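A.B. asks: Required output: the full structure, derived from the provided sequences and hints.
Residue numbers (the working numbering), protein chains in the order written: chain A, 1 to 74; chain B, 75 to 278.
FYI, nobody ran anything at the bench for these hints, they're computed from the structure.
What you are looking at is a predicted structure, and each value in this text was computed from that prediction instead of being measured.
Check the hints yourself; a few may be wrong.
As the list claims (entries may be wrong) - In silico DMTMM-like cross-links for lysine to aspartate or glutamate, where the CA-CA straight-line distance does not exceed 20 Å:
id, chain 1, residue 1, chain 2, residue 2
1, B, K173, B, E162
2, A, K56, B, D161
3, A, K56, B, E159
4, A, K56, A, E20
5, B, K158, A, E26
6, A, K11, B, E162
7, A, K11, A, E66
8, A, K7, A, E73
9, A, K3, A, E43
10, A, K56, B, E162
11, A, K9, A, E72
12, A, K3, A, E73
13, A, K6, A, E73
14, B, K76, B, E148
15, B, K208, B, E164
16, A, K56, B, E164
17, A, K11, A, E72
18, A, K6, A, E72
As the list claims (entries may be wrong) - Now the in silico label distances, taken between C-beta atoms and shown as ranges:
id, chain 1, residue 1, chain 2, residue 2, range
19, B, V85, A, E20, 22 to 30 Å
20, B, F176, A, S50, 22 to 30 Å
21, B, L144, A, G33, 20 to 28 Å
22, B, V125, A, A31, 47 to 55 Å
23, A, L51, B, L84, 36 to 44 Å
24, B, F78, A, Y60, 37 to 45 Å
25, B, Y103, A, E26, 54 to 62 Å
26, B, N264, A, A31, 23 to 31 Å
27, A, K3, B, R160, 49 to 57 Å
28, B, Q249, A, V71, 52 to 60 Å
29, A, S50, B, A99, 50 to 58 Å
30, A, E26, B, Y265, 25 to 33 Å
By construction, the Cβ of each residue, glycine as well, lies at the ideal position given by its N, Cα and C atoms.
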Amino acid sequence: MKKTIKKLKIKSRLHVWRAERRITQEELAVAIGVTRPTIVAIEGGDYNPSLELAFKLARYFNTGIENIFSVEEQ
Amino acid sequence: MKKFDRIILLVFLYGLPIVIVDAIAMSFYNERQIDEQAIFLKTLYSLSGLVFGIWMSLALYICIRLLTSLDFREIALTKLSLFKERDEREVLLSGRATKTSFLTTMAILIFLLCLSVFTVSVYHVTPEYAVDGKTGKIALGLKLDLTEDKSAKQSDDTKIAKDLFTYSGLPISKQAVILFLILWQILSYNYSVHRFQRTKKQTE
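C.D. replies: Below is the structure:
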């Protein structure tokens, strides 16, 4: 049976996790090793992080990737 | 980058404004005029010549290092081009901007090549050289010179034709073209990065 995956849209709840812990974008960026515009872009849905960066974020918040990022078919 | 290369680069960059000021100042005088001046000015003139000679040697060394050393080229030219690749997103943006810059530069080079190889000439010939009674002529040509021929080529028709319009290649010097391309590369790359930073959905 052939299965085709349609285009996926990745949603981020990073801003929620960050806000709950009262961490600024700058602090998170420095901790993860990226620039603040990258955090802004991830939270705004304008940039999908690499697997490594997604794991880093999950590890920072001590949670699983699927709690920060979710995916839906477009 | 080796410490020696770093020092050479710094001396070259800090020496550039001095060389420019020196060149402008010396353009107001020729050697005979300098000879008539006081010893102080003569010494200054000789020193400026020495400084320029040293700076020119440094420039040649840097050019050779840019070609031969990957490390030196990457550090020196990324600073000159204002490359910013601080994280994965900026690396992605940089890659896209580099591709855009490369393609637009290719397009410009193809355009310049066309303009430089095509020749067009519109002229009138005298009645004795007319064909079917027609004295007006349009000559279209293609020229590709791999080396520059400095001797002036005389057209066979100069004595018998009156030029109305002639186009025989780009009327800009080689230095102007090279300088334009260098500036274009830097500006187009930075403009593309700026544009992609403003565009949504950077991973699509």
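A.B. asks: Now tell me, hint by hint, if it's right for this structure.
C.D. replies: For each hint, the structure was consulted:
1. B:K173 x B:E162: holds, 17 Å
2. A:K56 x B:D161: holds, 13 Å
3. A:K56 x B:E159: holds, 19 Å
4. A:K56 x A:E20: Satisfied, since the Cα-Cα distance of roughly 18 Å is no more than 20 Å.
5. B:K158 x A:E26: With a Cα-Cα distance of about 18 Å, the restraint between K158 (chain B) and E26 (chain A) holds, given a limit of 20 Å.
6. A:K11 x B:E162: Holds, because 19 Å separates the two Cα atoms, which is no more than 20 Å.
7. A:K11 x A:E66: Roughly 10 Å separates the two Cα atoms, so the pair holds.
8. A:K7 x A:E73: Holds, at roughly 6 Å.
9. A:K3 x A:E43: violated, 31 Å
10. A:K56 x B:E162: The hint holds at about 13 Å.
11. A:K9 x A:E72: holds, 5 Å
12. A:K3 x A:E73: holds, 13 Å
13. A:K6 x A:E73: With a Cα-Cα distance of about 6 Å, the restraint between K6 (chain A) and E73 (chain A) holds, given a limit of 20 Å.
14. B:K76 x B:E148: Between K76 (chain B) and E148 (chain B) the Cα gap is close to 13 Å, so the pair holds against 20 Å.
15. B:K208 x B:E164: At roughly 64 Å apart (the allowed maximum being 20 Å), E164 (chain B) and K208 (chain B) break the hint.
16. A:K56 x B:E164: holds, 18 Å
17. A:K11 x A:E72: It holds: about 8 Å lies between the C-alpha atoms, which stays within 20 Å.
18. A:K6 x A:E72: holds, 9 Å
19. B:V85 x A:E20: 22 to 30 Å: violated, 54 Å
20. B:F176 x A:S50: 22 to 30 Å: At roughly 24 Å between Cβ atoms, S50 (chain A) and F176 (chain B) fall inside 22 to 30 Å, so the hint holds.
21. B:L144 x A:G33: 20 to 28 Å: holds, 25 Å
22. B:V125 x A:A31: 47 to 55 Å: 50 Å Cβ-Cβ, so the 47 to 55 Å window holds.
23. A:L51 x B:L84: 36 to 44 Å: Between L51 (chain A) and L84 (chain B), where Cβ atoms are some 41 Å apart, the hint holds.
24. B:F78 x A:Y60: 37 to 45 Å: Roughly 42 Å apart at Cβ, these two residues keep to the hinted range, so it holds.
25. B:Y103 x A:E26: 54 to 62 Å: Since Y103 (chain B) and E26 (chain A) have Cβ atoms about 57 Å apart, the given range 54 to 62 Å holds.
26. B:N264 x A:A31: 23 to 31 Å: Holds, since N264 (chain B) and A31 (chain A) (Cβ atoms, about 29 Å apart) stay within the stated range.
27. A:K3 x B:R160: 49 to 57 Å: Since the Cβ atoms of K3 (chain A) and R160 (chain B) sit about 39 Å apart, the hinted range of 49 to 57 Å is violated.
28. B:Q249 x A:V71: 52 to 60 Å: The hint (52 to 60 Å, Cβ to Cβ) holds, given that Q249 (chain B) and V71 (chain A) are roughly 55 Å apart.
29. A:S50 x B:A99: 50 to 58 Å: Given range 50 to 58 Å: holds, Cβ gap about 55 Å.
30. A:E26 x B:Y265: 25 to 33 Å: holds, 27 Å
Hint violations for this structure: numbers 9, 15, 19 and 27, all remaining hints satisfied.
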